[in-house]
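Colleague: From first to last, the protein sequence lines are chains W and F.
Residues 1 to 444, numbered by the numbering used here, are exactly what the first sequence covers, in order.
Residues 1 to 559, numbered by the numbering used here, are exactly what the second sequence covers, in order.
Be aware that a few hints might be false.
As the list claims (entries may be wrong) - Some but not every residue of chain W turned toward chain F, in silico, with C-beta under 8 Å: (1) 70; (2) 74; (3) 76; (4) 96; (5) 102; (6) 261; (7) 284; (8) 371; (9) 408; (10) 411.
Claimed, not checked - Estimated spans, in silico, between C-beta atoms of each pair: (11) W:429 x F:355: 40 to 48 Å; (12) F:204 x W:82: 21 to 29 Å; (13) W:424 x F:356: 37 to 45 Å; (14) F:141 x W:82: 42 to 50 Å; (15) F:541 x W:152: 44 to 52 Å; (16) F:393 x W:304: 23 to 31 Å; (17) W:75 x F:364: 20 to 28 Å.
Calculated from the structure, these hints are not laboratory results.
Yeah, the Cβ is synthetic: ideal placement off N, Cα and C, and Gly gets one too.
Chain by chain, the residues:
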Amino acid sequence: MHRRLFMILLVLAFVVVACGDDAATTTTAAPTTTVAPTTTTAGEEVTLRWRTRPDNDQEAGVYRAVSETLDGQLEGITLVYEPGGTETEGYQQALLTQLAGGTAPDVFWIPGADIAQFVGARVILDLRSYADASGHRDADFYPGPMEQLTTDPATGLPGNVLWGLPRDVSAFALYLNLDLIAEAGAADPRQLAAAGDWDWEAFQQVAEAVRALGPDIYGYGQSSWWGPVGFWANSGGGGFFNEDRTACGLDSPGSLAGLAFVQDFYATGAALTYGEDPEPVFKAGNMGMFQNGRWATPGIRTVGFDWDVVKLPDGPGGPSNWLFWGAYVVNANTPYPEQAWRLVQALTTAEVQAQVAELGANIPSRVSQAALDAFLTFTPPENNQAFLDGLAENPVTEAPLWNGDWPAYRDAMQVAVDAVIRGETSIEAFRADICAQLNQYFTP
Amino acid sequence: MTQAPIELEVKLPSAPSPSQPLWLLAVVVWQTVLALAMVAAAVAMVTGALFDLTGLGLVLMAGLALAIAVASGTAVPLMLRHRHSGRAIGVMLDYLVLVLAVFITLQAIGVFRGLDALGATFRRAVPLLAIVILGWLLLGQAERFGSRAERVRRAGKWVMIAGAAAVAVRAGLLPGLAEFFVRLAKPRALLPALVAVASGLAFWSLRRSRAVWLFGSRRHQEEALDGFLFVSPNLLGFAAFFAFPLLFSLFVAFTAWDGLTQITWLGPDNFTKIFSLQFATVDAGQSASDVLKFGYSELARFGSLIVGARDPAFWIALRNISLFAITAVPLAVIPAIGLAALLNTKIPGVRLFRAIYFIPSVAGVLGVALIWKQLYNASVGFINYGLRRLFDLINLLPGVEATAPQPQWLSSRSVALWSIVIFFAWYTVGFNTVLFLAGMQGIPGTLYEAAEIDGASPWQKFRKITVPMLRPTTFFVVATTTILALQVFTEPFILMGPQLPPSGPSNATLTPVVHLYQEGFRRFNQGYASALAWVLFLLIFAITLVYFRRQRKSEAGMG
């Protein structure tokens, strides 16, 4: 009997311990601090939970440190940082489930292309009134993301709304194995870019020269998700959509020119087989040029050869790139919208962005010269300017379809474009059918 | 201990007794209050005064409240007439309300969310567990101390209690306790807590011996009640975590729902979309979109005949999974029989080999898949490297000049599915081997002895004794491996990502579960994903049924 009573008491004790959840999580951030009970009465200390998607443990640690710092700075707000999983660990799935169950954090990060869906589902808050009251200026951030974050879902055009603030931005660059390029006797892409001669033809020459070094050495490699693929269409002067993003644009001459180039280029064998993971090959020192975003930098910093970055080559449509981004948004069901807005602002200050960008995976989303200057000092790579050039020279902003189903469009497009690059579908056959197939994903 | 006279026939009063026991009156009052409160709650939900519910949520919640009200209302007059049925209803109802109210209270207090935090804070208390272990050791070894055994045992017990208390305090008991009462004092937690207390007291009152006597409950009725209460944790778990989600997914399969917004009833549209096909002929110069209806995409082409589908991915997944199952199941089963036969011999080191073959099954599929992903890398992976080195050796032979094949294991449309097959077979064969081994060890040795006397060779013994006697095991292994194969998801998800979608190059590794995952969690079509899940369930059910029938026929034939 006593043993049973003892066990019951023990279980109850742990149930009671579990009640100190907010306090306990705070303790995780600062193990030596004493736990203070949470009070939630309006006007007093409120507890806000927030989450973002770090790319790695190191970045998760920086966000935890940011949370600790802001916890001390934001008066009347106690912060609970909940590190989200990475992309492959189901960040989105966990968030979606929590939103459906009413347990999502007060402030959370979402990818830029998902903004329309979250707005459409009315699970995030319009922050415009709070922003206006606090003296916020949209112009302090890159205009592309802000255009999406101020889009009125009723019209699909910018309106008097604000769905959040961009956490950071990113762009593609070509990571260069300078040792291989020198060994191949090819021109240095950085010098070509500086001279304005870095175009598709020059890119192909460098790739082929490196490829000639041996059967295990590749001139170029790219991942096969929509971003790297889309670059070629954008660079050719086309894109995924028409001008106002109300219909498919993959059958435009510019898009077809880009896809034709990349199809021919892959046919030469200068690139790693399409679909193979290029990152381990590049890191093994077997690839001359590797196209990826700023987020790949921390991993590349560990390689043992001489490396740098260069902007993507100019195509017939001129210089082009993607502007990737994600935003902090506020849960529509938060009981503390005003405090949540203050947290969003605090998370996107130049200081916090610099703290995160120093790790190497991010570029500040603020356009202030101070933020850009600071970013240039976060080396290696030496040529950080390549990323800023990518963001400055006609980038296409990652964006949702306000009048369509982007995930369905993306998946159907991916299969068709993959077939083109692999040489399984001719450009002509692709042109004939692709838009009829994809236009069904737009809302009439 | 007093035994209640439950075997006696009790004359049941036909009308309320003029003097009911006080505890019964309290229970009746509670049941009446509960019934009225639930009716009021249902009305408030329908009018929107309580919660903001619509559609299925409203039907479920208001229905639950009304069901409790009806049950409680029904129990009241029966209790007053001292009928066992009234008591039985009361016991079950109060038990369920108690469980429900406790869960709602804990949720309102935030305990479930706090369990994660407990995991974090418990780490700092781990060193103090040494005190508990010390107490346990003292307790267990007390007999060694002879005359002082009792004193040592008592000391051990108190050391354990002190250790447990220290662990709880270090893990955050005191702030947790303060927080517990602060949160409990709030109405949203206090109200369900009071309901839990009231229903708990009513349950306890109705379960006492005097209630058994008063209601004239018989032994078999008591046993039935006890039985239901004993299995209730399992039943409640089954209902909450299996039956309800299953039925809910069936409902969702007939709707359009993104998991966040309002559910829209569609009827059978999702299923219609899955199976919609269109056949058309295409002339020279025409494209698929010229001849297919809006919403249909090209699935296959046979000369001038074109087959369109509203969801071509479903048919592609069906084709892939058929190919996958046809190849992966034999590869995971047939070698397992051979390995089991080898491991069933008395060769030296056989136990070590048994462990080695079983290792893949105990390793996490996710971690193992990541290793295979590296092995499969066509450029820097070990498999292609091994092939190159192997052919280097072969080329040392005079007159031989062969080129090492370098398959694009994961990026080639024609190879990717087979890469998954190889991994699946490798991962599953060890577990199947253990099952076959267990089956073989259950075959009576006399059969083999008799065969040996008759001069049977090892192969004949295997073919004529082992294989037939393994039939039930083979059936089980084939059925479970087939089900696993038809549900394959983690393997393509990990091996293909993140540079490719889990559907692989040109949808080469698209399987039904990958397809429903993409629909449900990448495109947020929970309704359509549920419909796909049910189609897959029916497919697996049908295949399993065929297996069962064949097994029965086979057994009948043997009999």
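Colleague: Work down the list of hints and note, for each, if the structure agrees.
Modeller: Against the structure, the hints come out as follows:
1. Interface hint at residue 70 (chain W): violated, since its Cβ lies 20 Å from the closest Cβ of chain F, which is beyond the 8 Å cut-off.
2. With 8 Å as the threshold, the beta carbon of residue 74 (chain W) stays out of range of chain F, its nearest partner Cβ sitting at about 21 Å, so the hint is violated.
3. The interface hint given for residue 76 (chain W) is broken, as the beta carbon of that residue sits about 18 Å from the closest beta carbon of chain F, more than 8 Å.
4. Restraint check, residue 96 (chain W) versus chain F: the minimum CB separation of about 6 Å is within 8 Å; hint holds.
5. Because the closest C-beta pair between residue 102 (chain W) and chain F is about 11 Å apart, greater than 8 Å, the hint is violated.
6. Interface hint status for residue 261 (chain W): violated, as the beta-carbon distance to the closest one in chain F is roughly 20 Å, over 8 Å.
7. Hint status for residue 284 (chain W) relative to chain F: holds, with the closest Cβ pair at about 5 Å, below 8 Å.
8. Restraint check, residue 371 (chain W) versus chain F: the minimum CB separation of about 29 Å is more than 8 Å; hint violated.
9. A distance limit of 8 Å between C-beta atoms decides the matter here; for residue 408 (chain W) the minimum to chain F is near 6 Å, and the interface restraint holds.
10. With a least beta-carbon distance of about 7 Å to chain F, the hint placing residue 411 (chain W) at the interface is held under the 8 Å criterion.
11. Remark: the range hint 40 to 48 Å for residue 429 (chain W) to residue 355 (chain F) is contradicted by a beta-carbon distance near 54 Å.
12. Between residue 204 (chain F) and residue 82 (chain W) the Cβ separation comes to about 40 Å, which falls outside the hinted range of 21 to 29 Å.
13. Against the hinted window of 37 to 45 Å, the Cβ-Cβ separation of residue 424 (chain W) and residue 356 (chain F) comes to about 42 Å, which satisfies the hint.
14. In this structure the hint that residue 141 (chain F) and residue 82 (chain W) lie 42 to 50 Å apart at CB holds, the actual value being about 45 Å.
15. The supplied range of 44 to 52 Å is met by residue 541 (chain F) and residue 152 (chain W), whose beta-carbon atoms lie about 48 Å from each other.
16. Taken as a hint, the range 23 to 31 Å holds for the pair residue 393 (chain F) and residue 304 (chain W), whose Cβ atoms sit roughly 30 Å apart.
17. Residue 75 (chain W) and residue 364 (chain F) have their C-beta atoms about 45 Å apart, which leaves the hinted 20 to 28 Å range violated.
Hint check: violations occur at hints 1, 2, 3, 5, 6, 8, 11, 12 and 17; the rest are consistent with the structure.
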